[in-house]
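Enquirer: Here the protein sequences come in this chain order: G and X.
Mapping the first sequence onto the working numbering, position 410 (from 1) lands on 410, and the numbers just tick up by one.
Mapping the second sequence onto the working numbering, position 267 (from 1) lands on 267, and the numbers just tick up by one.
Simulated from the structure, these hints should not be mistaken for lab results.
Since this is a predicted model, take the numbers as computed values, not measurements.
Be aware that a few hints might be false.
To be verified - According to the in silico footprint, chain X covers these stretches of chain G (three or more CB under 8 Å from chain X): (1) 119-129; (2) 136-142; (3) 148-159; (4) 278-286; (5) 304-310.
Built from N, CA and C at the ideal position, the CB exists for glycine as well.
2 protein chains.
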Amino acid sequence: MVRLNPNYRKLVAGYLFSEIARRRQAFKDSHPEDKIWDLGIGNTTEPLTPAVSEGLEQGVNLLRSPDTYKGYGPERGMNELRESIAEQYFRRHGVDLTPSEIFVSDGAKPDTANIQSIFSPRTSIALQDPVYPVYLDTNVIAGRTGKFDEKTGKYERVIYMPCTEENGFIPEIPSEKAGLVYLCSPNNPTGTVMTRKSLERFVEYAHDHKSVIIFDSAYSDFITESGNLRSIYEIPDARSCAIEVSSFSKNAGFTGVRLGWTAVPNSLVVEGSNPGAVNNVWNRRQSTFFNGASNIAQTGGLLGVLSEKGQEECRELVAHYMGNAEIIRNGLDELGLRFYGGVNAPYIWMKTPDEMLSWDFFDKLLEEAHVVGTPGAGFGPSGEGFFRFSAFGHRNEVEQAMESIKSNLRL
Amino acid sequence: MVRLNPNYRKLVAGYLFSEIARRRQAFKDSHPEDKIWDLGIGNTTEPLTPAVSEGLEQGVNLLRSPDTYKGYGPERGMNELRESIAEQYFRRHGVDLTPSEIFVSDGAKPDTANIQSIFSPRTSIALQDPVYPVYLDTNVIAGRTGKFDEKTGKYERVIYMPCTEENGFIPEIPSEKAGLVYLCSPNNPTGTVMTRKSLERFVEYAHDHKSVIIFDSAYSDFITESGNLRSIYEIPDARSCAIEVSSFSKNAGFTGVRLGWTAVPNSLVVEGSNPGAVNNVWNRRQSTFFNGASNIAQTGGLLGVLSEKGQEECRELVAHYMGNAEIIRNGLDELGLRFYGGVNAPYIWMKTPDEMLSWDFFDKLLEEAHVVGTPGAGFGPSGEGFFRFSAFGHRNEVEQAMESIKSNLRL
Chain G
1 MVRLNPNYRK LVAGYLFSEI ARRRQAFKDS HPEDKIWDLG IGNTTEPLTP AVSEGLEQGV
61 NLLRSPDTYK GYGPERGMNE LRESIAEQYF RRHGVDLTPS EIFVSDGAKP DTANIQSIFS
121 PRTSIALQDP VYPVYLDTNV IAGRTGKFDE KTGKYERVIY MPCTEENGFI PEIPSEKAGL
181 VYLCSPNNPT GTVMTRKSLE RFVEYAHDHK SVIIFDSAYS DFITESGNLR SIYEIPDARS
241 CAIEVSSFSK NAGFTGVRLG WTAVPNSLVV EGSNPGAVNN VWNRRQSTFF NGASNIAQTG
301 GLLGVLSEKG QEECRELVAH YMGNAEIIRN GLDELGLRFY GGVNAPYIWM KTPDEMLSWD
361 FFDKLLEEAH VVGTPGAGFG PSGEGFFRFS AFGHRNEVEQ AMESIKSNLR L
Chain X
1 MVRLNPNYRK LVAGYLFSEI ARRRQAFKDS HPEDKIWDLG IGNTTEPLTP AVSEGLEQGV
61 NLLRSPDTYK GYGPERGMNE LRESIAEQYF RRHGVDLTPS EIFVSDGAKP DTANIQSIFS
121 PRTSIALQDP VYPVYLDTNV IAGRTGKFDE KTGKYERVIY MPCTEENGFI PEIPSEKAGL
181 VYLCSPNNPT GTVMTRKSLE RFVEYAHDHK SVIIFDSAYS DFITESGNLR SIYEIPDARS
241 CAIEVSSFSK NAGFTGVRLG WTAVPNSLVV EGSNPGAVNN VWNRRQSTFF NGASNIAQTG
301 GLLGVLSEKG QEECRELVAH YMGNAEIIRN GLDELGLRFY GGVNAPYIWM KTPDEMLSWD
361 FFDKLLEEAH VVGTPGAGFG PSGEGFFRFS AFGHRNEVEQ AMESIKSNLR L
């Protein structure tokens with residue numbers, strides 16, 4: 001006899017973005033004539049740039065010829081790609097990682113989802129609140145949490161680190177001991193970058209409590225203000241207590257192409273294990289459950305995204321989305337709404353008017369302005385009363401969406 | 001404080017293919033002048049066929065234009081691709097599945113690895129012995145097994161179903177109750193296809209014990225003898241007790257491109273859950289831990305592999321590999337070695353001469369003939385004394401490898 005994993009029943013409703021898609025579809029079905037603008041899901045909208053698509057085409061071409069065809073690739077990903085990531089994402093910022101410390105994957109979501117599985121089932125976890133729901137949901141499924149409490153909006157046995165207007169959306173270190181500490185910076189959904197000082201405090205905390213920090217830097221290429229850290233390893237002590245996950249999804253338009261990486265330094269140590277052990281176990285996990293990112297995506301990453309021309313084009317692509325962010329910020333400003341982010345991240349985090357609940361504002365915005373956004377409550381209890389606008393969109397659509405909000409939203 | 005998942009320590013040595021790569025590299029380092037032929041790992045070697053690579057190129061081209069660019073795709077995979085799989089892999093064999101019952105993935109390995117996670121941690125598992133190691137390893141990591149017993153070569157709390165010369169490598173149903181029953185047919189490594197009668201017994205067993213069968217049909221396109229089942233759903237009762245996993249890896253040369261699928265029928269029921277619940281939970285699992293197969297691979301699957309021309313070309317590709325299988329079989333025959341398979345699967349399963357241990361024969365074959373194969377013992381205790389030859393290779397390499405074996409192997 002077999003039963004389903006009972007932890008799935010602990011999950012609250014659907015995955016946030018599935019629920020948004022459901023409500024959007026319901027509105028569409030009942031208003032078939034109306035145009036809906038989407039400032040909701042963080043999905044890229046602009047076509048691949050020339051150098052990037054040429055890199056991918058090159059990836060296909062290599063598979064056409066008997067001399068260059070390759071099947072399964074190296075377990076950790078193509079060597080040259082890992083070397084190039086080590087150079088461009090780490091050495092350039094003064095961080096010396098070897099290619100063997102970098103694992104190429106099919107994106108930051110799978111990696112931040114799966115990384116918990118290499119740690120003890122009894123590990124306690126600490127999360128920014130609000131934050132990208134995948135960190136929490138995967139730990140609920142893994143059985144590390146208790147029940148969901150409807151009143152508080154929290155799971156038992158999870159350490160929530162509130163990110164609020166009061167603390168500038170930068171969390172304090174937890175007062176309790178956490179085994180795994182998830183940090184997303186620039187943050188999804190608040191759009192806030194953690195300061196060097198705050199990251200230093202977390203690294204110190206991790207050393208004091210023998211914790212591991214899971215640092216999600218998927219939006220690091222969106223940082224526009226100088227002085228902000230792009231990698232947690234810019235703090236030297238982080239190499240013995242942090243895993244960093246990142247992605248080509250948003251900066252290169254690879255959301256559908258699927259390519260990312262995870263750095264597991266050899267010097268990372270956990271209780272009861274020697275240096276190198278965490279790196280080895282992650283390798284064992286990946287070589288058992290995964291078979292590599294598509295070699296087309298990897299070639300596209302190496303010859304396209306990470307080429308000089310590709311990097312230049314990707315900076316322009318990011319600038320396009322950040323231009324959208326400015327339009328959204330200006331529009332909300334005109335309406336006198338309070339908001340944060342949108343400067344070092346493609347997300348604008350808005351306080352709902354009149355203390356409205358997030359999902360109520362979602363429905364109101366959809367009904368009145370025909371604009372889809374993301375309810376802050378979907379990212380954690382401290383997200384209640386906030387609303388996320390995403391800067392991913394075609395310029396004219398973002399402009400029309402903001403015009404519609406300005407004209408039709410009844411404030 | 002955080003520790004590593006202790007189940008990783010229960011795993012025996014490295015992942016089989018990593019260990020082979022290690023020994024191969026050691027031989028290469030000490031014999032830098034010698035050519036090594038590879039009849040080991042099941043990795044494709046022939047370039048993509050024209051229609052398939054055009055399909056992939058089309059996948060890249062769609063991402064170049066603002067009108068056709070897509071980011072994240074539908075959670076279960078592109079609709080047209082699921083429709084085409086339903087048509088060509090199921091309806092064509094008399095099986096009526098809807099696209100909502102098919103989940104596109106990045107390959108059969110990740111799916112057969114991850115599927116266990118949606119079931120209760122206490123579920124007991126039954127495995128063919130020998131079989132592809134991923135089913136066992138992922139359950140060891142999930143904590144469903146006890147310790148490994150060096151003497152028997154078995155894990156505690158695993159039901160091994162021996163596939164031996166005596167039973168024609170077709171397992172008997174277990175005498176104990178198993179929650180999950182993994183069946184791989186055509187089998188890797190024995191090359192044996194399960195008969196309709198044996199599959200019917202397993203389906204009956206699953207109904208009697210409320211078990212779920214995980215049916216891996218990744219090699220179904222290699223079946224050459226008529227009368228063999230390509231899908232377990234050709235047995236109608238299987239729809240309420242089986243999940244089927246398959247892949248484009250071997251039949252279309254997609255080992256590195258990464259594309260596969262899993263069918264979870266709505267009528268599949270497990271204890272304590274309604275019809276549709278397993279399908280829903282797998283959807284929740286995939287939408288939380290995964291972000292879809294590369295849209296380039298999906299377009300290549302749809303417009304390339306599954307096009308009429310693509311299907312024709314893929315049949316020729318399969319015929320090429322099966323031609324290699326014939327060369328290997330003929331060579332082993334000439335040497336008077338006993339072997340099985342290689343008719344409905346790209347694997348030849350050879351009895352080692354003089355009752356040699358599998359890894360000893362591996363070393364002997366490498367030392368004497370400079371040929372890499374796969375030790376049967378790596379696939380389970382009943383694989384001891386057997387050796388797997390893979391038919392994946394360039395024709396001239398396979399011919400040279402067999403010539404070298406015939407000339408140099410000291411029997």
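Enquirer: Indicate, hint by hint, whether the structure satisfies it.
Expert: Hint check:
1. 119-129: With 4 residues close enough to chain X, the hint holds.
2. 136-142: holds (count 3)
3. 148-159: violated (count 0)
4. 278-286: holds (count 4)
5. 304-310: Three-residue rule not met by the region 304-310 of chain G, so violated; n is 0.
Hints 3, 5, counting from the list given before, are not met by this structure.
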